[in-house]
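**Q** Hey, can you work out the whole structure from these sequences and the hints?
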Amino acid sequence: MLNLQEGYMLKYTSKAGDSRLPFFVWIVLLGTLVAVGTGLMSLVYPLPAIGLKGLKGPLYQENVELHSIDPDSLQGRIIKAVEMVSPAVVSVSTEKVVDLSGFRERERSSGDPFEEFEDFFKRFFKERFPEREFKQKGLGSGMIINKDGFILTNEHVIHEVDKDKIRVTLSDGRNLKAEIVETDKESDIAVLKIEGNNLPVVTLGDSHRVKVGQWAIALGNPYGYALSQLNKKYDPTVTVGVISATGRAIQAGRKEIRTYSDLIQTDASINPGNSGGPLVNIWGEVIGINAAILSPSGGSIGIGFAIPINKAKRILESIVKYGKVAWPWIGIYMQELTPELSQKFGVEKGVLVADVMKKSPAETSGIQAGDVVEKVNGKEVSSPLELKNEVLKAEIGKPITLTLIRQGKKMEITITPTERPEEISPVKEEAVEEKLLGIAVRDLTADLRQKYDIKEDEEGVVITEVKENSPAARVGLSPGDMIKEVNQHPIKDLDNFKAAMQKVEPGDVVLLRVRHGVWTMFVTLPTQR
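Mind the numbering: the sequence shown is residues 18 to 546 in this note's numbering, read in order.
Treat the hints loosely; a few may be bogus.
[What the hints assert, rightly or not] When the alpha-carbon atoms are kept at most 20 Å apart in a straight line, the in silico SDA-like pairs for lysine to any residue are as follows:
hint, residue 1, residue 2
1, K341, I197
2, K341, I413
3, K210, E177
4, K366, M538
5, K164, K330
6, K509, Y469
[What the hints assert, rightly or not] DEER-style ranges, computed between Cβ atoms:
hint, residue 1, residue 2, range
7, D179, R275, 15 to 25 Å
8, E365, R491, 18 to 28 Å
9, K375, Y339, 20 to 30 Å
10, D510, S359, 29 to 39 Å
11, G363, D510, 52 to 62 Å
12, R466, N163, 48 to 58 Å
13, R466, K396, 39 to 49 Å
14, G190, G493, 51 to 61 Å
15, G190, H225, 11 to 21 Å
Rather than coming from a laboratory, the hints here were simulated on the basis of the structure. Here a beta-carbon is modelled for each residue, glycine too, at the ideal position from N, C-alpha and C.
**A** Right, here's the structure in full:
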């Protein structure tokens with residue numbers, strides 16, 4: 018065993034406390050010394066303790082001059098910002114009951130030879146078969162935003178927890194019960210409320226004004242208040258960095274993958290338990306809500322992400338106005354414009370409209386499948402995520418302008434977003450058959466409609482077979498998919514499909530609009546020669 022002992026650098030001891038080394042250890046040590054020189058002698062021979070009696074001067078040197086920090090300096094501003102925000106940063110603790118019966122079901126599926134006797138054993142040995150549940154505790158952070166006790170945090174901090182077991186610990190040590198006011202899973206933002214007097218609050222800034230390279234300060238309670246248990250000091254942990262990027266989009270999560278967009282990236286350390294805490298500028302204004310990190314180990318490596326505070330403001334305003342979180346919606350299915358699709362539609366950039374939902378603002382405004390949206394209110398969009406973000410920035414009931422390309426012609430369409438329905442049912446669609454594509458298709462019958470869940474008012478042909486290694490197979494088409502268009506010609510039945518395919522030569526690239534699963538999309542297929 019290796020011990021550190023007073024007055025010695027290192028000392029090996031045997032189980033009886035004898036300082037002599039076993040013979041094989043000497044062999045290893047001598048070989049090491051020959052290889053690396055005598056610099057390791059201190060590892061073998063103890064160094065005597067040095068007394069303090071022979072000191073000829075002071076034991077150590079210190080500067081007796083008083084230092085003052087200029088409050089207008091960078092260091093002074095950071096300190097002031099931390100002092101402004103820290104009192105309003107809280108720790109959020111949660112609890113939920115986790116049912117482990119699912120684990121047992123997986124054991125059964127693995128071929129447990131005794132599974133058929135389990136019910137028998139339970140009757141006589143109940144104590145051997147306890148309920149497979151345990152209480153899982155969670156930790157996060159948050160910030161008090163007004164004197165009424167409203168708190169901003171992440172939705173994932175309180176996701177599916179026991180609503181009666183949410184507790185909030187303030188920086189002054191008060192531990193209060195919290196209630197859920199509203200949550201929004203899509204934005205990963207939640208609003209809690211506590212009852213208390215003399216509550217400190219944060220000041221919300223403007224995340225639209227955030228610039229890459231500016232200073233950023235992250236506050237929160239990594240690992241809860243585990244770092245504060247001994248001395249009962251509940252001040253948050255502070256880390257400092259810069260804004261590394263804006264407008265980031267990531268996927269994060271373990272049990273459940275979430276897609277985040279329009280995030281602020283920072284190298285200020287964000288660790289487990291920091292979720293929901295504030296990201297602030299050097300003026301003490303909150304510019305983001307700490308949400309996620311990119312890490313191979315679970316700890317910070319300097320790549321953290323925060324939700325822009327302006328998104329949280331929108332949610333707060335929506336709660337006040339509508340009593341819930343309401344998002345603007347126009348009702349289109351979007352698709353990335355690949356190089357192949359770009360060539361087919363004759364456009365270089367934009368977002369392809371794959372389908373338009375029934376009775377949606379898009380349908381009312383005349384938007385059509387095959388339109389390519391280039392701009393929203395004059396701002397260029399190059400991906401479905403960018404288009405979605407621009408729509409979400411709009412106000413419900415306030416018109417926006419889409420600049421789009423339709424069959425080579427540029428036009429502008431005014432559309433008024435409405436409140437997004439709670440459940441959006443994708444439009445159901447079509448099918449096809451052709452040797453050049455490697456598929457077999459049929460007209461829709463009552464049996465096929467029932468088998469593939471196709472509505473009565475839907476027109477098209479249904480794919481009943483996909484040949485192995487065919488063009489259709491390579492792009493992921495499968496039986497049950499419906500073909501709605503061939504080279505932008507609507508398909509109502511098998512005759513339409515055959516007529517459209519007669520114009521296709523071997524080796525041509527065909528543009529299909531299909532329903533695949535619950536989605537409608539465009540696909541390009543190079544035909545077989």
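**Q** Each hint: holds or not?
**A** Going through the hints against the structure:
The straight-line distance between the Cα atoms of K341 and I197 is roughly 12 Å, inside the 20 Å bound, and the hint therefore holds. Our distance criterion of 20 Å between C-alpha atoms is met by K341 and I413, whose separation comes to about 13 Å. Proposed proximity of K210 and E177 is supported: the alpha carbons are some 17 Å apart, at most 20 Å. For the hint pairing K366 with M538, the CA-to-CA distance comes to about 17 Å; that is within 20 Å, so the pair holds.
A hinted pair counts as satisfied when its Cα atoms are at most 20 Å apart, and K164 with K330 qualifies at roughly 16 Å. Annotation: proposed proximity of K509 to Y469 holds, straight-line Cα distance about 17 Å (limit 20 Å). With their beta carbons about 22 Å apart, D179 and R275 fall inside the hinted range of 15 to 25 Å. Evaluation of the 18 to 28 Å hint for E365 and R491 yields a pass: the beta carbon distance comes to about 26 Å.
A hinted range of 20 to 30 Å holds for the C-beta pair K375 and Y339, which are about 24 Å apart. The beta-carbon spacing between D510 and S359, approximately 30 Å, falls within the hinted interval of 29 to 39 Å. Distance hint check: the CB atoms of G363 and D510 are about 29 Å apart, inconsistent with the given range 52 to 62 Å. Between R466 and N163 the C-beta distance comes to about 55 Å, which sits within the given range of 48 to 58 Å.
At about 42 Å, the CB distance of R466 to K396 agrees with the hint of 39 to 49 Å. At roughly 57 Å, the beta carbons of G190 and G493 sit within the given window of 51 to 61 Å. Between G190 and H225, the C-beta spacing of about 36 Å breaks the proposed range 11 to 21 Å.
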